[in-house]
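*Asks:* Just so you know, the sequences run in chain order C and V.
Just so we're aligned: 66 in this note's numbering is position 66 of the first sequence, and the numbers increase by one with no gaps anywhere.
Just so we're aligned: 580 in this note's numbering is position 177 of the second sequence, and the numbers increase by one with no gaps anywhere.
Hints are supplied without guarantee of correctness; some may be wrong.
Pairs of lysine to any residue residues, derived as SDA-like cross-links and limited to a Cα-Cα distance of at most 20 Å, are as follows [as the list claims (entries may be wrong)]:
no., chain 1, residue 1, chain 2, residue 2
1, V, Lys517, C, Gln180
2, V, Lys521, C, Pro75
3, V, Lys521, C, Gln180
4, V, Lys452, C, Arg74
5, V, Lys521, C, Tyr52
6, V, Lys452, C, Pro75
7, V, Lys517, C, Asp73
Covered stretches of chain C, going by a simulated chain V footprint (3 or more residues, C-beta under 8 Å) [said to hold, decoys possible]:
no., stretch
8, 35-42
9, 161-171
In case anyone wonders, no lab produced these hints; they're calculated from the structure.
By construction, the Cβ of each residue, glycine as well, lies at the ideal position given by its N, Cα and C atoms.
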Amino acid sequence: MSLERIRIGFLPLVDAALPILAREKGFAEAEGLELELVRDFTWATVRDRLLYGHTDAAHLLAPLAIATSLGRDRPPVALSVPFVLGLNGNAITLSVPLAGEVVRGKGLGDPVEAGHRFREVALRRNAEGKRLRLGVVHRYSSHNYMLRYWLAASGLRPDDDVEIVIISPPFAADALAHGQVDGICVGEPWNSAAVDSGAGRIVLVTAQIWRRGVEKVLAMRSGAMQEQPELVARLVRALHAAAADFVEPSSLEHNAAILARAEFLDAPPARILRAISDHILLVRGTRPQHIPDFMFQYRQAANFPWVSQAAWLYSQMVRWDRVRFSARDLGRAQRVFRPDVYRAALAGSEAPLPGASSKIEGAIGDTIGVGSTQGRLELGADRFFDGRAFDPDHIEDYLAALP
Amino acid sequence: MLHCSIFARVRIAIIDESASRASIMQEGLAEAGLTDTVVLTEREGLLAKLQAVAPEVVLIDLANPSRDVLEDYFAVSRALARPIAMFIDKSDEETTAAAIDAGVSAYVVNGLTKSRIKPVLDVAVRRFQAFTRLQQELHDARNALAERSVIERAKLILMARRGIEEPAAYALLRSHAMSTNRRIAEVAEAIVTAESLMGDQP
Chain C
1 MSLERIRIGF LPLVDAALPI LAREKGFAEA EGLELELVRD FTWATVRDRL LYGHTDAAHL
61 LAPLAIATSL GRDRPPVALS VPFVLGLNGN AITLSVPLAG EVVRGKGLGD PVEAGHRFRE
121 VALRRNAEGK RLRLGVVHRY SSHNYMLRYW LAASGLRPDD DVEIVIISPP FAADALAHGQ
181 VDGICVGEPW NSAAVDSGAG RIVLVTAQIW RRGVEKVLAM RSGAMQEQPE LVARLVRALH
241 AAAADFVEPS SLEHNAAILA RAEFLDAPPA RILRAISDHI LLVRGTRPQH IPDFMFQYRQ
301 AANFPWVSQA AWLYSQMVRW DRVRFSARDL GRAQRVFRPD VYRAALAGSE APLPGASSKI
361 EGAIGDTIGV GSTQGRLELG ADRFFDGRAF DPDHIEDYLA ALP
Chain V
404 MLHCSIFARV RIAIIDESAS RASIMQEGLA EAGLTDTVVL TEREGLLAKL QAVAPEVVLI
464 DLANPSRDVL EDYFAVSRAL ARPIAMFIDK SDEETTAAAI DAGVSAYVVN GLTKSRIKPV
524 LDVAVRRFQA FTRLQQELHD ARNALAERSV IERAKLILMA RRGIEEPAAY ALLRSHAMST
584 NRRIAEVAEA IVTAESLMGD QP
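Could you put the whole structure together from the sequences, leaning on the hints where they help?
*Replies:* Right, dumping it as structure tokens:
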């Protein structure tokens, strides 16, 4: 049988793991697919290749998929997200001297306490005319929104008290090492690259800011996705199988070796192993620490595209682009996430399928059972660090209450 | 020509880490009457330079590492009239697709009419394609040169070992290549490799 070819664009990041593993470990082939992976170095390039048909799907920042559909800074092109490629997996890495002022001891910072100290340093530096400069990977990235969420909740005005600049992931560790920025919020293996070179120290991981933060997604052009529902279903199943393998402890070493290869992440396997096993080296010369849920994958329907996740991202877009809330744009943003396509693809499989498509984000303190149409589904703690919950039906109230 | 005077007023920045491709593009634009061009090849200080140039059109390699930085600059820039990604509306899709296929991306300042952008993009596309072709030819030429030198060395080895003249050595290579369905260069390569492994045996 000849395989159907799907081209997928990606950046060299650990959270590109699922398409890579689906290709390299036969999950795609088992669905009759041949994945051709196209690597680039900036999100703008990945997005453009998708928009103009160089690729059929892309490993993409969730907010960028929404911004593209809404036509922020360019004519809109409707994108769809049938599958979330994972939750969290990013970190905030500061230059070693700055980290020393923000976190006491050798461990990970506490987001409240570290936020308090960071605020003091940032305000002092600003008063001295040496504003702290922090790099995020894209204007429309979860990194930008998570970092700003933490800064604002810590009492800073992200656009005034610090300077936030854009650095594509592959250049983030170098920018920190060369002193172009004082800190970076980026995905792996780029925090660890900064740690290994001695340039940076990881002070927080994004899972501490929002325990179940939506990260990269599989994005497709909406038109193309609708034309080939059966092909899309096969791709979703292949990625879901790869996600199951990703969390399998016996697969960790082999998976790290695959991701490390020159054509994928081109990084030392040991560095990648740390990220995919939730064992993170925070600063050079210490031992890796176990950080539960650093990258959250597969379990608890982690790959399900919750419409409320899209709504939260839209709320942050309104917040930081300083545009008016629009019910019409919210609707368009929510329709980017396609739980219906996910359900159709995995119906009849072992995968638990949530009964609802939207939930209150950040409301779960202890693991609870939730309604499902297939399988048994539990959801674990999903708190934001400041204790706020996000109700997608009351976004304007939520925005009004935020600092 | 009348159209030249109109086009010449479009200020174009070419951002490309390949200086040779940038100059090929600049030359092409000049031939089309678009003489107000500035080439930027360095990643460092790019935004400050761009701000000073204040172009109406920015031409850039689709995969240029500064793309994300540039787009953010355009999004927040107050100094520059805000350029947007190259396609203006649905009717430009063909032009845009051709540009993307050639590997060129563009940003255009809002308000620049389509009739003024299209010739710029057309030149950029043709020049990008020409450059890619040139590179391929150069690559092929280098390979050909390398192959020729390996064939020369194989001939010398055969001449020394078998005590034959050059035409006979070449005929031997050729007939062996034909009978084994390989290229002459491949057979020569095998001989050179074998010789280097065997060393100076009698």
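*Asks:* Take the hints in turn and mark each one as holding or not.
*Replies:* We went through each hint and held it up to the structure:
1. V/Lys517 <-> C/Gln180: It is violated: about 38 Å lies between the C-alpha atoms, which goes past 20 Å.
2. V/Lys521 <-> C/Pro75: Holds: V/Lys521 and C/Pro75 sit about 18 Å apart, inside 20 Å.
3. V/Lys521 <-> C/Gln180: violated, 38 Å
4. V/Lys452 <-> C/Arg74: violated, 24 Å
5. V/Lys521 <-> C/Tyr52: holds, 18 Å
6. V/Lys452 <-> C/Pro75: Since the Cα atoms of V/Lys452 and C/Pro75 sit roughly 27 Å apart, the hinted pair is violated (cutoff 20 Å).
7. V/Lys517 <-> C/Asp73: Holds, because 18 Å separates the two Cα atoms, which is no more than 20 Å.
8. 35-42: Holds, because 3 residues of the stretch 35-42 of chain C bring their Cβ atoms closer than 8 Å to Cβ atoms of chain V.
9. 161-171: holds (count 6)
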